[in-house]
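Asker: Once you have looked at the hints, place chain B on chain A.
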Amino acid sequence: MIRRAERIGFLALPGLSFLAIIYALPLFMLLLKSFQIDGQFSILEYVTFFSDNYSMSVLWRTLRVAFLTTGLALLIAYPTAIIMARAKGIWLSVFLVAMVLPMSVGVIVKAFAWSILFRTRGVLNDTLMSLGLTEAPIRMLFTETALIIGAANVFLPFMVLPIYTVLRQMDSRLPEATVSLGATPVFRFMNVTLPLSLPGVVAGCAFTFSLAISMYVIPSLIVGERQQTLSMLTARSFLYLRNEALGATISSILLIIAISVVLGSSWLASRLGARQ
Amino acid sequence: MEQIVVPHMKDAIGADILFEGTKSSVNLEKMSSNKDNPYLSVVQMDDPVMIQAVEEDLLTPITSGPVPNMTDLRSDAVHMDGMWCNYVQPWAGVAYNTDFKSGGVASWEELWAPESKGQLIIPSLQNTEGMWTLFMSAMLGSGKPFSEAQYEIDAAFDKLGALKPNLLSVYTTMSQAFNLLEQGEITMLSGNFSSYALPRKASGVPVDLAAPSEGIFAMPSGICLVKGGPNPELAEAYVNEMLGPDMQSAIANFATSVPANTTVKAGAVIPEGVPIYAPDWAFVAANRRDWIERFDKLMAI
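As given, the protein sequences belong to chains A and B, one line each in that order.
Under the numbering used here, the residues of the first sequence are numbered 13 to 288, in order.
Under the numbering used here, the residues of the second sequence are numbered 45 to 345, in order.
Source of the hints: derived by calculation from the structure; they are not laboratory data.
Backbone N, C-alpha and C fix where the C-beta goes; we use that ideal spot for every residue, glycine too.
There may be inaccurate statements among the hints.
[Unchecked claim] Label-pair distances were calculated between CB atoms; the ranges are:
#1 B:N81 / A:M182: 48 to 58 Å
#2 A:S69 / B:E192: 51 to 61 Å
#3 A:L267 / B:S76: 22 to 32 Å
#4 B:G162 / A:V112: 36 to 46 Å
#5 B:T107 / A:A36: 43 to 53 Å
#6 B:T307 / A:F53: 52 to 62 Å
#7 B:N297 / A:I102: 34 to 44 Å
#8 B:N78 / A:I34: 13 to 23 Å
#9 A:V135 / B:E192: 45 to 55 Å
#10 B:S76 / A:T157: 32 to 42 Å
#11 A:V112 / B:S247: 56 to 66 Å
#12 A:A125 / B:N78: 45 to 55 Å
#13 B:A206 / A:S69: 18 to 28 Å
#14 A:R151 / B:D202: 23 to 33 Å
[What the hints assert, rightly or not] If you want the ones that stay clear, here's a sample from chain A, every Cβ over 10 Å from chain B, calculated:
#15 E18
#16 A32
#17 L44
#18 G83
#19 R98
#20 A99
#21 W103
#22 R133
#23 L153
#24 L233
#25 G236
#26 F250
#27 L251
#28 L253
#29 I265
#30 G276
[Said to hold, decoys possible] To give an idea of the interface, some chain B residues facing chain A are shown, with a C-beta separation under 8 Å as derived from the structure:
#31 S168
#32 S213
#33 V214
#34 Y215
#35 T216
#36 E229
#37 I314
#38 V318
#39 I320
#40 I336
Chain A with its partners taken away, still in its complex shape (with noise of 0.2 Å):
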């Protein structure tokens, strides 16, 4: 006899189906590719890649660009989801809808605003001079500066959420309990509010890091050609060189990181819980 948690099980099974199907079996198809030149089996394409000293600055580039753009958007994203999850009635509908409407505007329009606001006569430049903390323009478009504010605006509320939503869980009577006792601002935040937040914080960390390590539109438009990424390194090898191998090689590259950071933060998140 089926037990009842089995059967329920099976009511998974078609949403596994599709998944399996549409997700699973192309990654494992191209995970497959990279390891065929010609029909043979071959890891040619992966000693080219890592004996490459510019498919290293690149790789090295791309992970940078992603630690830093996720550092920045955490930095943002904290105290914006404390307000979120201390706010009430209308303030918060505001918040919620300030947060989830960008998200509805392509990713190219975002990106292009952003070197819209990074030029020399942009408007940027424009408020750094008129407060006087310049006296000429500076350089910011095409940088890599630019590419990580720019990249971190786009993937705010992926980071906002997960924390917000932690936060909004929380018991409100802890920091109060900790404030009956005497305890500081600091003291409070240092030992309840930030530990029991962490789950959440870990799980906008591995969303932003793995959307911003496999990013293509934004650091086209904000730093163009010269400063390439690995995304760019993939559509290269498949449109312009027409090497499959070696697009598909880089692509399991970027895979096998992401994966690493999801299961990563799956296993830090699980750990966090079960000390809470």
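Answerer: Then chain B, alone, in the frame of chain A:
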């Protein structure tokens, strides 16, 4: 161009056009990936990519029986026994912002001038128009005439390397780079062409296209039939219309380009007094992948 072509084809041959606009290389990838079950009937793309398509056996020849208008084309507009035809020919030079560079661009050497520091964007070699900066670098670097210089690729890359201090960026998306030129973020956009720059100039934007004294280039805009593509007879009728006098005149005027049909007197006039070059596209197609990798490494920050 879509707004000219689509209604004309509906009236002339009763065809509804399903238009997929993208880069030549993306077209090639689509054709290659769907080789066993093609879904495109006609593709318009650049000559060097056409050569790759022929090598991959993706095209079927255009013949004068079902496409009689091809007999009126310039002889150099029909390639590889009709595998593709050039339907129009824009010319390429250096686009510049007239507010910040009112004197124009008299020589390609101005790209390398110290006062151009940070004021220049060039196309990637992933884009066909990227070849013009490469070939002009070959000419200036080797000191040889174009017919010989186009094979002096080492000299070209040496000269290109010297361009780096003046480069703000390298583009693969031309519309963004052109927008930066229009806004005055840069003063020059190398390798740009008449079908894009001159209509923008005509609309009142402060840009113009220079034909520097060393020479300009003929852009290779081709049209081909996809092997085994759907609706083959309608596809041939479409190509015939594209090469016919009505469409040739309309497209040449719209895109400020030189028509390929010799019976048509319309469109752009190629600037006089400067040589116009058409490279050995077979040489480009054979070497382009290596050049793209070399270019990306050279230009990387």
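Asker: Indicate, hint by hint, whether the structure satisfies it.
Answerer: Structure-based check of each hint:
1. B:N81 / A:M182: 48 to 58 Å: Once the Cβ atoms are compared, 55 Å apart, the range 48 to 58 Å for A:M182 and B:N81 holds.
2. A:S69 / B:E192: 51 to 61 Å: Check failed, 35 Å falls outside 51 to 61 Å.
3. A:L267 / B:S76: 22 to 32 Å: Since the Cβ atoms of A:L267 and B:S76 sit about 23 Å apart, the hinted range of 22 to 32 Å holds.
4. B:G162 / A:V112: 36 to 46 Å: This hint holds: roughly 39 Å between Cβ atoms.
5. B:T107 / A:A36: 43 to 53 Å: Cβ of B:T107 to Cβ of A:A36: about 47 Å, so the range 43 to 53 Å holds.
6. B:T307 / A:F53: 52 to 62 Å: Once the Cβ atoms are compared, 58 Å apart, the range 52 to 62 Å for A:F53 and B:T307 holds.
7. B:N297 / A:I102: 34 to 44 Å: Taking Cβ atoms as reference, B:N297 and A:I102 lie about 57 Å apart, which means the hint is violated.
8. B:N78 / A:I34: 13 to 23 Å: holds (19 Å)
9. A:V135 / B:E192: 45 to 55 Å: 50 Å Cβ-Cβ, so the 45 to 55 Å window holds.
10. B:S76 / A:T157: 32 to 42 Å: Holds, since B:S76 and A:T157 (Cβ atoms, about 39 Å apart) stay within the stated range.
11. A:V112 / B:S247: 56 to 66 Å: violated (38 Å)
12. A:A125 / B:N78: 45 to 55 Å: Given a distance of about 35 Å, which is not inside 45 to 55 Å, the answer is violated.
13. B:A206 / A:S69: 18 to 28 Å: Roughly 22 Å apart at Cβ, these two residues keep to the hinted range, so it holds.
14. A:R151 / B:D202: 23 to 33 Å: holds (27 Å)
15. E18: Holds, since 42 Å exceeds 10 Å.
16. A32: Holds: least Cβ distance 23 Å, greater than 10 Å.
17. L44: At about 17 Å from chain B, A:L44 clears the 10 Å cut-off, so the statement holds.
18. G83: A:G83 clear of chain B: closest Cβ-Cβ about 22 Å, beyond 10 Å.
19. R98: holds (41 Å)
20. A99: For A:A99, whose nearest Cβ neighbour in chain B is about 38 Å away, the distance exceeds 10 Å, so it holds.
21. W103: holds (38 Å)
22. R133: A:R133 is in fact no farther than 10 Å from some Cβ atom of chain B, at 7 Å.
23. L153: The claim breaks: A:L153 does not keep its Cβ more than 10 Å from every Cβ of chain B (closest is about 7 Å).
24. L233: The claim breaks: A:L233 does not keep its Cβ more than 10 Å from every Cβ of chain B (closest is about 6 Å).
25. G236: violated (4 Å)
26. F250: violated (7 Å)
27. L251: violated (5 Å)
28. L253: violated (5 Å)
29. I265: It holds; A:I265 is separated from chain B by about 18 Å at its closest Cβ, greater than 10 Å.
30. G276: holds (30 Å)
31. S168: For B:S168, the interface hint holds, since the closest Cβ of chain A sits about 5 Å away, which is under 8 Å.
32. S213: holds (4 Å)
33. V214: Holds: closest Cβ of chain A sits about 4 Å from B:V214, inside 8 Å.
34. Y215: Cβ of B:Y215 sits 6 Å from chain A, so the hint holds.
35. T216: holds (6 Å)
36. E229: holds (5 Å)
37. I314: violated (29 Å)
38. V318: Given a least distance of 29 Å, the restraint on B:V318 is violated.
39. I320: Violated, about 26 Å.
40. I336: With Cβ-Cβ at 5 Å, under 8 Å, it holds.
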